[in-house]
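Novice: Here is what each chain is made of, one letter per residue.
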Amino acid sequence: MSVSLDIRLKRANKVYHEGERLCGLLVVVSRDPLQHQGVSLSLEGLVNLQLSAKSVGVFEAFYNSVKPIQLVSSTMEVAKPGKVPAGRTEIPFEFPLQAKGNKQLYETYHGVFVNIQYTLRCDIRRSLLAKDLSKSCEFMVHCQPQKAKLQPNPVDFSITPETLQNIRERASLPRFLIRGHLDATCCSITRPLSGELVVENSEVPIKSIELQLVRVETCGCAEGYARDATEIQNIQIAEGDVCHGLSIPIYMVFPRLFTCPTLETTNFKVEFEVNIVIVLHDDHLITENFPLKLLRL
Amino acid sequence: MASVQWHSRSRKYDSEWQASRLEVSAVEFSDYHPLKAITVTDSKSRRGGRKGSTSSSSSSSSSVAPDPLSSMLDGTDPLSLFAAASETPTLPHSVSAGELGRKRKEKEEEVGLDFEPWSSKRGEILSRFTTTEKLSINLFMGSDTSKASSPSSAVSEKVRTRLEELDDLEEGSQRELLNLSQQDYVNRIEELNQSLKEAWGSDQKVKALKIVIQCSKLLSDTSVIQFYPSKFVLITDILDTFGGLVYDRIWSMCADPHPLPESFSADDVNDTAKETCLNWFFKIASIRELVPRLYVEAALLKCNRFLTKCGIQETLQRLTAMIRGIGDPLVAVYARAYLCRVGMEVAPHLKDSLNKNFFDLLASFRQIHGDSVQNQLVLQRVEIPVYLTLYSPAINWILQCVAYRAPEVLLTEMMDRCKKLGNNALLLNSVMWAFRAEFVATRATDFIGMIKDCDEAGFPKHLLFASLGRSLSCADPPESERLSILNEAWKVITKVRSPRDYINCAEIWVEFTCRHFTKREVNTVLADIIKHMTPDRAFEDAYPQLQSVIKKILTYFHDFSMLFSMEKFLPFLDMFQKDSVRVEVCKSIMEVFIKHQQEPTRDPVILNALLHICKTMHDSVNALTLDDEKRSLALLINGFIRMVSFGRDFEQQLSFCVEARATFCNLEPVIIHLIHTVNQLAMETGRVMKGNHSRKTAAFVRACAAYSFITIPSLTNIFSRLNLYLLSGQVALANQCLSQADAFLKAAVSILPEVPRSISIEGKQRSSESFLLDFINNFLSTLLVVPDHPEQGVLYLVRGLLNMVQDYTWEDNSDAKVRVYISALPLLAAMSQESYLYTIPKVDSNETLYGGDPKFIAEINKLCETLIGQVLDHLKSLGRDEEVRRQGSLAFSLFGCLLAHGDLRNNKLNQLAVNLWNLSHKHGICDTRTSVRTLEHIKHQAQQTDMSHFSDMTARLSLQSRA
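As given, the protein sequences belong to chains A and B, one line each in that order. If you count the first sequence from 1, position 268 lands on 268 in UniProt numbering, and the numbers rise without skipping. If you count the second sequence from 1, position 548 lands on 548 in UniProt numbering, and the numbers rise without skipping.
Hints in this document: simulated from the structure, not taken from any laboratory. Incorrect hints may appear among the rest.
Mimicking DMTMM-like on lysine to aspartate or glutamate, the simulated pairs with C-alpha atoms at most 20 Å apart in a straight line are [as the list claims (entries may be wrong)]:
#1 Lys10/A - Asp268/B
#2 Lys10/A - Asp267/B
#3 Lys10/A - Asp371/B
#4 Lys283/B - Glu196/A
#5 Lys578/B - Asp541/B
#6 Lys14/A - Asp271/B
#7 Lys10/A - Asp256/B
#8 Lys207/A - Asp221/B
#9 Lys14/A - Glu345/B
#10 Lys356/B - Glu196/A
#11 Lys207/A - Glu289/B
#12 Lys419/B - Glu408/B
#13 Lys302/B - Glu345/B
#14 Lys10/A - Glu275/B
#15 Lys207/A - Asp371/B
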C-alpha cells in the first residue's frame, strides 16, 4: 500500500510573521481507501542550544546540552477517525502562529550552537497493524520590523603595519597601506553589506582580499556561559595583485537562514561580525574585525 | 536465298520535300518563344496568393496557355512568397496599435545587424590562440576536506585519470586532468557542457551549478597564457548554456496559465518563480571565489528581469565595479569583455556600464606592465609583444560595444583618453579595430602620428599599421591626405624587419593602394614587397599573403594591358615558386581575365604575359594530375585562346596557334580547341573571300588543313581524333582542298580499327559501339559529297570504310556490323541519283564526275547487293530462340531501308521486302504500332503516281495478330 503525505504551504517562500496564519493544504495520495484513527497537525518552535566542546569539554558537550526552549507549540485535529478515499485528497488548513505564553517568536536561525527552528508536522494515526504516517515541514519566521532607525554611519578604516595587534615580529612585516570604509556596521539584514577598499600601496603583492562573515553565539547555562565565534561564509572580493589606488567594492549579501537580526536573550545571544582578511603573497594574513548589528526593518 | 538484284529508287528530292514538309505557320516573334518565361499578367491572383489562400484559382488571363507549374503556384513561386512574408512580419492578431509602437521602440534599442556578433569572433579567436603546451583542468566538486586525500604516487598517471573518470563528477570528487593537448582540452570542455545539460535535464540543479562554478574557476588560471583567449571562448560557451537553461526554467514556471509576453515586467511573474530566481541569486552570492561568482552572476544577468525592473542595470554596475578586484589584468579584461557581451545581449540600451567598463580598463591599464605580470611572463617564457596581442580580442570587443552607434563626441573623448595614457599602442590598435572605419579614416593622419609616437618595445607597430590599413580598406580618408598617408605608412612598413610581419602588414596596405592610386604606386609597392621577400627565400612562408596581394590587385585592375605593363607584376609572380601555389595564382589571374576581358585582344604585352602564365599552368600537369584539375586548367587556357584575335591577320593567328600547340601539347582539350580554332580560321578565310579563294588564301587554307592534319594524330582519345578528322575533312572540302579532304577521310578510315571495344567515360567502362555507329553514320553522310579520287577506283572511300567495318573486331553477338551495312544502303542509293541531295559549292561530286554513268550505277548496285547478301546471311545465322528478337528488328530495319530506297517495282526486291516483313513478324515480337504506321505509310505512298506497285504489296503484307 503506497500512501504519500505532503504539506503544502501557500506562501512560496514559507516566511511568516507572528500573529499571521499559516495556510496550506495537506495532500494525501493513496491508491486504496485509507482507514485512520485521526489526522492531527502540530506546530512547534524550538531554540536548540548546544555547548561547544571547546568551552566545556567533549563529554559534557555531549551530555550537558541545554534543554531546548520551546517558543510555540500547539496541535489541532484536522480530521476525526475515519477513512480517506482512494486517490488524491486535499485537506485545507489554517493555523494561527502565536507565541506560547509571554514568549517571543525569534527569527529562524541555523547556527552551530544555536538553532531556532519552526516546524509544522502532520500525523495520521492508524490502527496497531499499520504504521502511523507523518510528515513535517519547516517554515521560516521573520520577526516584526524593528523600530530602530538605520543611520548611515560609515566606518572608515585604514590598515597599516602600525595599526595591527597580535603580531610577533612587527619588523618582518612588509609595508602596506589599505584604506577604506564600510557604509554602515548597523545593517539591514535584507540589504547587502557594502563599502569600498583601496590598496594604496603594498610592498608585497596581494594574493587575495576576503570578507569573512562570522557569527558569535553565546549560550548561558548553569555552569556559566560559552561564547564561540565561527565562520558563516567567506567571500573573496579581490584576487591577485590588484591595481593600487583603485577602489574595490566591498559587497556581501547576508545569507538567509544563517543570519538573523542580532539577538540577545537571557539564555543565549547571537551576534555577527565581519572580518576583512588580506592575504599577502608571502602568506601574511592581515585581519581587520568589525562587529555588526543586524536589524530587520 | 539467291543473290538479290538491287535497283535504287530514283528520287525527286525537290518534289518530295515540297510534298512532305510541314506547313509553315507564321508566328509573331515577340509573342511566343518556347524558352520565354510565362508571365502571368493577372496581378489580383498574385495578391491572393500572398494572403496565403490555398485555393489555387486558375487565373492566367493572358493568351498564353497556362503553365501547369506556374498556375499551381498562383503566379508566385514559394521562395518569393516566403520573402514577401518576411517583409511584413507576422504579428499576432491581438497586438494593439499602442503595443505595436512600443515594439518598434524596443526594436530600436536592440542591437542591429550592423553589430558584428560574438559568434563571428569565436572561431577566429579559437583558431588564432592556440598552444602546443600541455594543459590541465582541475575540477573540484565538493568540500575542501577531500583535498587532503591526494592519490598515492604509486598509481600511474593513466590509471589515475581513469579512476577519476569513474567517479566522474560525484560529490566530493576531485579531478585533475593533466597533460592534456589542446584538442583534448577542447573535448573535455565540451564533455562538461554535455554533462551540464544532462545534469540539468535530470533535475540535478546543484550539480549543474557546481559544474558551472568549476568551469568558471578555470578562467582565473593563467597558466599557458597563450591559450587563455581560447579558453575564455570555450568556457563562456558553457556559461551561456547555463544562463539559458536557468532563464528558460524560470520562464516556464511563469508559463501557467498562459506564457509571459515578450516584454513582461516583474509584476507579471508569480511568487514561485520569483522565489526560485531569488534562490539562485542567494546561492551565487555565496560562491567563495571572486571570478566564478562574477561569471556565474553575469551569466544569469537576464534573470534579473523576473525580480525587479532596474535589477539588470544595478547588477551590471555592481559587477563592473567588482571586476576591479581581479588583480590579473588579462583575467580582468576578459571578464569585462564577457560582461559587455552579456550586457549587449540583455540590455543594449545600458551604455553607461559599457563606458564604465572601458574607463575602468583605462584606469587599471598600468597593471599590464606591473611586476606580477612581468614575473609571470618570465616564468612562462612569453614575450611582451605576444602577451599584448592576447588582449586584443577582449579590448576590441569592449570597444566595439562601446563604439556601437555611439555619438562622434564620445568616440573623440575615448580617443583622447587613450592618447593620454602612456604606451597606449594596445589601445590604439583596438580603437582602430573597433571604431567605425569612417571615423578612423577621416583621422588617418592623426593615427599615423600616434602610431609613430608609440613605444617600440611594446605592442608591435606593424600590427598597428595593419589595423589602420584594415580600416582604410573599408573607408576612404580625405582625398588630399591619401598620398601622404600611403607614404607615411609605407615608410614604417618598409622598415619592418621580419618578413612575416612585413608581409602581413603590406598585404593589407596593398588594398588601399590599389583602391586609390594608379599602377605607378602599385608597382612601387610590389617592388618593395619583392625586395623584402626575396632574401633567404622568405616568400616561401608567405604564399597565402602574396596570393592575397595578387587577388586584391586583380579586383581593382581589370585592364590587363595596364596590369602587365607594370614592371614588377611578372617578377612578383616569379616569387610563387611552389608549383601548387603558382598554378593557383595563375588560375586566379586567368579567371579574372576570362571574366573581365570583353573583347578579343592582340596586344603583344598581354599575349606574352598570358601565354607565360598559361604555360606555367600547363607545365604543372604531370602524370599525377587529377582529371578534374586538367579539365579546369584546359578550360582556362581555352578561355585565353578564345580571347586572342588578330583580326584580319589570319596568318598571324595561325602562327599563334602553332605556338600555342607547342606550348600546350599536354592538355588534350586545348589541342582540340586549337584545331577547332584553325578550322574556324579556314572557314573564316573562305567567308571573307566569299568562297573564291585566291592563290594566296588557298595556300593559307591548305596550311590550316596541314596544321590540323599533323595535330590530330597527337590526340589520344580515339573519338576526338575521328571526329576531328571528319570535321577537318569537311572544312577542307568546303574550301576546295580536295586532296587534303581525301587525306583526312582516309586517315579517319585507317584508324577505325584502332577503336577499342570499350572506352572509359567518366570513370566507367562503356561499350564504344554506339559511339562508333554514330560516327560511321555521320561519316557516311559526308561521303556522299566527296568526289572519287581520280587514281583510285570507284567509290574508293566507301569501299575502304566497308572493308574496315568488315575487318573490325566487333563485339560478340552484336549486330553493329550489319547495322552499318544497312545504313550504307541509303548512301549508296543517294549516290545513284541523278542529282544529289546536297553538294558543296565549287566542288564537283560524283554526280558530275560520272554523270549517272550506267557503269557507275552498276557498280553501286553490285555493292548494294553484296551488302544485302551479307545482311541476309547474318539474319539466317540468327535462328536461335533467344536471337529472334534481334532477327526481327534487323529484318524490319532492312525492310524499311528497302521500302525507302529500293526500287520495289523490281519483283525480286519486292519479294525480298515482303519476306523480310514476314520474317520480322514471324515471332510476334515486333512493335505492332510501328507495323501499323508503316502499313499506313505504304498505303499513303501508293496513292502517288509511279507508286501503284505499293498497293499490291500492301495486300501481301499481313499484320501479325497478337499471339
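Novice: Give a verdict on every hint.
Specialist: Status of the hints after comparison with the structure:
1. Lys10/A - Asp268/B: holds, 18 Å
2. Lys10/A - Asp267/B: holds, 19 Å
3. Lys10/A - Asp371/B: With Cα atoms ~58 Å apart, Lys10/A and Asp371/B exceed 20 Å; violated.
4. Lys283/B - Glu196/A: Violated - the C-alpha atoms of Glu196/A and Lys283/B are around 23 Å apart, more than 20 Å.
5. Lys578/B - Asp541/B: holds, 10 Å
6. Lys14/A - Asp271/B: holds, 11 Å
7. Lys10/A - Asp256/B: holds, 17 Å
8. Lys207/A - Asp221/B: Measuring from Cα to Cα gives roughly 13 Å; hence the hint holds.
9. Lys14/A - Glu345/B: violated, 34 Å
10. Lys356/B - Glu196/A: holds, 17 Å
11. Lys207/A - Glu289/B: Holds - the C-alpha atoms of Glu289/B and Lys207/A are around 12 Å apart, at most 20 Å.
12. Lys419/B - Glu408/B: This hinted pair holds, its Cα atoms lying about 16 Å apart.
13. Lys302/B - Glu345/B: holds, 9 Å
14. Lys10/A - Glu275/B: holds, 13 Å
15. Lys207/A - Asp371/B: OK: Lys207/A and Asp371/B at ~14 Å, within 20 Å.
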